[in-house]
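Got chain L sorted already, so can you dock chain P onto it with the hints?
Number of protein chains: 2
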Amino acid sequence: MPSNAPETQSQALDLVFERVVDLPPAAIWRAWTTPTLITQWFTPAPWETIASEIDLRPGGRFYTVMRSPEGQTFPHEGCYLAIEPNQRLVWTNALGPDYRPADTSAGGPVITAEITLTPEGHGTRYRALARHATAADCQAHAAMGFAEGWGKALDQLIALMKRQQA
Amino acid sequence: MPSNAPETQSQALDLVFERVVDLPPAAIWRAWTTPTLITQWFTPAPWETIASEIDLRPGGRFYTVMRSPEGQTFPHEGCYLAIEPNQRLVWTNALGPDYRPADTSAGGPVITAEITLTPEGHGTRYRALARHATAADCQAHAAMGFAEGWGKALDQLIALMKRQQA
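Going down the list, the protein sequences come from chains L and P.
Under this note's numbering, the first residue of the first sequence carries the number 3, and numbering increases by one thereafter.
Under this note's numbering, the first residue of the second sequence carries the number 3, and numbering increases by one thereafter.
Bear in mind the hints are in silico, worked out from the structure with no lab data behind them.
Glycine residues also receive a C-beta, built at the ideal position from the N, C-alpha and C atoms.
To be clear about the criterion: a stretch of chain L counts as covered by chain P if any three or more of its residues have a C-beta under 8 Å from a C-beta of chain P, and this derived list gives those stretches:
| no. | region |
| --- | --- |
| 1 | 84 to 95 |
| 2 | 103 to 114 |
| 3 | 133 to 142 |
The shape of chain L in the complex, shown without the other chains (with noise of 0.2 Å):
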């Protein structure tokens, strides 16, 4: 766990999603950091991320656009928290770009993601920490999908990783 990462975590209010990866941190890392990837695995399909715009500081922005198979398009705004290459990213859409609150009444669940990257004998402990506000939050998040989701998502990113080594 990197130094200045006291992840406390908590059973009634966090998910937590783990699991060893055969990439190392790094190509973990560079998916999640640059657009031109991330929207090539973040979203589970049919559903895509069409767009992508990563301002990678504290404070920077995190944005998204999904499309549903239906072709309907959601926007996700968030502000990056923590940034630690290779190793921690956080960031939270409880927030926008420069800390400012978001605005949370369209709904969605509101969290903060934290990913933490271990060098685990060639590959990665790779884990997804969602922390909420609330127990009730907690499992609407879980109850959408949320382990599923996740899992989904990192298959993509693995085989994306993988085509991109090769």
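Chain P only, in chain L's frame:
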């Protein structure tokens, strides 16, 4: 302005309070970041701040308890985002400790606050910026007396730190 503070400001979404203060930046910084000092100035009298916890790191807890003249207590929890000693302090109550989204359903203004301290003559240009999610939130905060409240609190800060200097 500190180098990595790309301070965008929105006329519709931000409130700004600015004054040149006859104290060095370090004294103002100390007043903002020391629990035993902040309790002495943070809340315009006759309200009081009766407790404070300050975990001065990005993701750390900023906690205060205010008490009304009638004796009712109001805890406030926030999260530090950016810490540049003697220059810039950013926190939000849209998040709690470890960047966890806050439960904002109780109401009250949700803000990201940015204090910037710039040496000017023998003193300091003190600037407090409050960012809001929506124009309605911003207007409501202005109507609650943002400028008067922050002005009175600053008067108390100055009086306290002048006594400390003397």
